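Generate coordinates for the entire structure from the input sequences, incorporating the hints supplied.
Top line first, the protein sequences correspond to chains H and L.
Take the first sequence: its position 77, counting from 1, is numbered 77 in our numbering, and each next residue is one higher.
Heads up: take any position in the second sequence, counting from 1, add 465, and you land on our numbering.
Treat each hint with caution, since some may be false.
[As the list claims (entries may be wrong)] Footprint (simulated), chain H over chain L, 3 or more residues, beta carbon under 8 Å:
{"hint": "1", "region": "496-505"}
{"hint": "2", "region": "656-666"}
[Stated by the list, open to error] Pair ranges (Cβ atoms, derived):
{"hint": "3", "chain 1": "L", "residue 1": "L514", "chain 2": "H", "residue 2": "S77", "range": "22 to 32 Å"}
{"hint": "4", "chain 1": "H", "residue 1": "R322", "chain 2": "L", "residue 2": "E616", "range": "34 to 44 Å"}
{"hint": "5", "chain 1": "H", "residue 1": "S163", "chain 2": "L", "residue 2": "D653", "range": "42 to 52 Å"}
{"hint": "6", "chain 1": "H", "residue 1": "D313", "chain 2": "L", "residue 2": "S618", "range": "50 to 60 Å"}
{"hint": "7", "chain 1": "L", "residue 1": "K665", "chain 2": "H", "residue 2": "Q18", "range": "17 to 27 Å"}
Keep in mind the hints are simulated off the structure, nothing from the lab.
If you're wondering where the values come from, they're calculated on a predicted model, not measured in any experiment.
Note that beta-carbon positions come from the ideal geometry of N, C-alpha and C, so glycine has one too.
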Amino acid sequence: MAQTLYDKLMGAHVVREQDGATLIYIDRQLIHEVTSPQAFEGLTMSGRKPWRNKANLAVPDHNVPTTERSNGVSSISDPVSRLQVETLDKNCETFEINEIQMNDIRQGIVHVIGPEQGATLPGMSIVCGDSHTTTHGALGALAFGIGTSEVEHVLTTGCLWQSKAKNLKIEVNGDLGKHVSAKDIALFVIGEIGTAGATGYAIEFCGTAIENMSIEGRMTLCNMSIEAGAKVGMVAVDNKTIEYVRGRPFSPTGKNWDLAVTYWKTLHSDEGAYFDKTILIDATLIEPQVTWGTSPEMVVDINGSTPDPEKEDDPVKAESIRNALNYIHLKPNTSMSSIAIDKVFIGSCTNSRIEDLRSAAAVAKGKKIANSIKLALVVPGSGLVKQQAEAEGLDQIFTDAGFEWREPGCSMCLAMNADRLEVGERCASTSNRNFEGRQGQGSFTHLVSPAIAAASAIKGHLSGV
Amino acid sequence: MKRFTSLTSITMPLDRANIDTDAIIPKQFLKSIKRSGFGPNLFDEWRYLDHGEVGMDNSKRPINPDFVLNDPQYEGAQILLTRMNFGCGSSREHAPWALEDFGFRAIIAPSFADIFYNNCFKNGILPIVLSSEIVDALFAYQGEIVINLEEQSVKTEDNIYNFEVDAERKRRLINGLDDIGLTLQYEDQIRSFEAEHFKKYPWL
Numbered sequence: 001m002a003q004t005l006y007d008k009l010m011g012a013h014v015v016r017e018q019d020g021a022t023l024i025y026i027d028r029q030l031i032h033e034v035t036s037p038q039a040f041e042g043l044t045m046s047g048r049k050p051w052r053n054k055a056n057l058a059v060p061d062h063n064v065p066t067t068e069r070s071n072g073v074s075s076i077s078d079p080v081s082r083l084q085v086e087t088l089d090k091n092c093e094t095f096e097i098n099e100i101q102m103n104d105i106r107q108g109i110v111h112v113i114g115p116e117q118g119a120t121l122p123g124m125s126i127v128c129g130d131s132h133t134t135t136h137g138a139l140g141a142l143a144f145g146i147g148t149s150e151v152e153h154v155l156t157t158g159c160l161w162q163s164k165a166k167n168l169k170i171e172v173n174g175d176l177g178k179h180v181s182a183k184d185i186a187l188f189v190i191g192e193i194g195t196a197g198a199t200g201y202a203i204e205f206c207g208t209a210i211e212n213m214s215i216e217g218r219m220t221l222c223n224m225s226i227e228a229g230a231k232v233g234m235v236a237v238d239n240k241t242i243e244y245v246r247g248r249p250f251s252p253t254g255k256n257w258d259l260a261v262t263y264w265k266t267l268h269s270d271e272g273a274y275f276d277k278t279i280l281i282d283a284t285l286i287e288p289q290v291t292w293g294t295s296p297e298m299v300v301d302i303n304g305s306t307p308d309p310e311k312e313d314d315p316v317k318a319e320s321i322r323n324a325l326n327y328i329h330l331k332p333n334t335s336m337s338s339i340a341i342d343k344v345f346i347g348s349c350t351n352s353r354i355e356d357l358r359s360a361a362a363v364a365k366g367k368k369i370a371n372s373i374k375l376a377l378v379v380p381g382s383g384l385v386k387q388q389a390e391a392e393g394l395d396q397i398f399t400d401a402g403f404e405w406r407e408p409g410c411s412m413c414l415a416m417n418a419d420r421l422e423v424g425e426r427c428a429s430t431s432n433r434n435f436e437g438r439q440g441q442g443s444f445t446h447l448v449s450p451a452i453a454a455a456s457a458i459k460g461h462l463s464g465v
Numbered sequence: 466m467k468r469f470t471s472l473t474s475i476t477m478p479l480d481r482a483n484i485d486t487d488a489i490i491p492k493q494f495l496k497s498i499k500r501s502g503f504g505p506n507l508f509d510e511w512r513y514l515d516h517g518e519v520g521m522d523n524s525k526r527p528i529n530p531d532f533v534l535n536d537p538q539y540e541g542a543q544i545l546l547t548r549m550n551f552g553c554g555s556s557r558e559h560a561p562w563a564l565e566d567f568g569f570r571a572i573i574a575p576s577f578a579d580i581f582y583n584n585c586f587k588n589g590i591l592p593i594v595l596s597s598e599i600v601d602a603l604f605a606y607q608g609e610i611v612i613n614l615e616e617q618s619v620k621t622e623d624n625i626y627n628f629e630v631d632a633e634r635k636r637r638l639i640n641g642l643d644d645i646g647l648t649l650q651y652e653d654q655i656r657s658f659e660a661e662h663f664k665k666y667p668w669l
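Printed below as a string of structure tokens:
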């Protein structure tokens, strides 16, 4: 029977089925410091050992400072944050788990370093105590976020109980316009289907716009699948995927490489495979996107305006528009490009890869950020991304323009470290969530692509390129 | 894990859609390396008028009198009644930890986000999906309701509403079974699967 990519990936990992629950084998668990301490504590208390140490790869990313940190963990000034990173180091030592520590050149955001190290491979089942694990689906892997109890379950048993998701095909055809990126497709799709639009579904992105997209763009798109509520977001394996994986530290070599490639080439939905739902998107109609509210589905074209709750027929929707506009201190029918911003953040597991930095740097080159901008941060996704950017002179372009060039980490995407917005500050951010208080209590977030973030920094207000 | 069989309680009506886990428990409290003690910071930004930080004496903080959790008429409610897509966003299990620590054992909504829904079952919380119309009716209803997991029912004085739940999840919750212990019963099956898996995919 013709199978979807998701069906194939699930099928390859089924250990056992009972009463509608499926026990699947997990090839890779990625671990960070925030959602793992209680899982390791569970292992300690029960006296259990990790099932297969080599399945795991750990890295601290949420709490790490992006400023000078050559003194290692002691550079973390907040003692609570420091303890969390120290606890990860200690647990990885105790349980003999491979960890890339804070000052290792390979350190970075868990969803950037997985693919970068080849720890994410096509066909793998991959979990992490982090919702943005959907990112890894860009390489044709089955990847999703889990809670801490499940982190402990995978550590201890090598497996996880799952219920099967339905299949959703999102087909994006046509050429993207100038300065329109994967981020804009992601926001556009979420705007169309809503933040619960894909709940219960495994998304497969396909179509000519996806075929023409780089692996990094695909990661951005799959990363944001969770903002539509999806279980996973995936793209079929093609030659780009295989070339991306080739030669990475954890990637197979020699005979194993050839075997792997043969298998990976089967990782696509079969002709005529059944999808429970299909959504068609015309890429040529997508403009650069910007969120106006407090949910990623509250999004418009950069040339658009905030909505008017009076024009909304659905009373529940009208109320949520009112609440969001009230929180974010904007009036109905305000032109997005008239909205002044205080800070700019370029980074996060959504948009901190080399291609993202190139795209922002191309806009910032030879320009200066507006005087009214209090802080414009560029936070590379990993030490290796940072190194690459510096080799290309991107750091110089950014610093010449007035941006700060920082050390890698999650940073102001969720503001667990010292990088945050103050009450009332407004930010153009390349991150993934504009929830109330996400980047700092009482602050306002507008999600955009790297190019739009850079353009907005230069203008001092939300702006197209 | 705590067992869940039945529960009789008034509901806490939190009338808002798309409540995300950042709102349920803000990021600064995720720095804790413990599993307990999150209850006082549940819905922190809505519940208090000041900025909450780890280590504050929450009993001395100014509370927001307009937020429903601070309304004395709902004190002691063990059932949270809310709107669609509850628990969206981050996978943080600190969200169900905070809800459970505060005293909630069940949540009723028209829909839940996937990871949050799953996390509830790991912590003895029963998430119940009922249609928007029934949820509307429950928002309008005053008084105690009775949840019976065995019967998969929610009873008010005049009505009985049935809900769906996976058989396996139900069994584990009713018996308070430990997931890991259960899975390890199949250790041999996992080992033999693993051996085949690595033979088939030797590069893993």
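50 to 60 Å as the expected CB spacing between S618 of chain L and D313 of chain H, which holds or is violated: The hint (50 to 60 Å, Cβ to Cβ) is violated, given that D313 of chain H and S618 of chain L are roughly 34 Å apart.
Note whether the CB distance of K665 of chain L and Q18 of chain H lies within 17 to 27 Å or breaks it. holds (23 Å)
Can the suggested window of 22 to 32 Å be confirmed for the beta-carbon pair L514 of chain L and S77 of chain H? Taking Cβ atoms as reference, L514 of chain L and S77 of chain H lie about 27 Å apart, which means the hint holds.
How does the region 656-666 of chain L fare against chain H when you require at least three residues with a CB closer than 8 Å, holds or violated? It holds: at least three residues are needed, and the region 656-666 of chain L offers 4 whose Cβ sits within less than 8 Å of chain H.
Should the hint that S163 of chain H and D653 of chain L are 42 to 52 Å apart at their CB atoms be regarded as holding? violated (24 Å)
Count the residues of the region 496-505 of chain L whose CB lies closer than 8 Å to any CB of chain H, then report whether that count reaches three. holds (count 5)
Mind checking the hinted window 34 to 44 Å against the Cβ distance between R322 of chain H and E616 of chain L? The hint (34 to 44 Å, Cβ to Cβ) holds, given that R322 of chain H and E616 of chain L are roughly 40 Å apart.
The structure is inconsistent with the numbered hints 5 and 6, although it conforms to all the rest.
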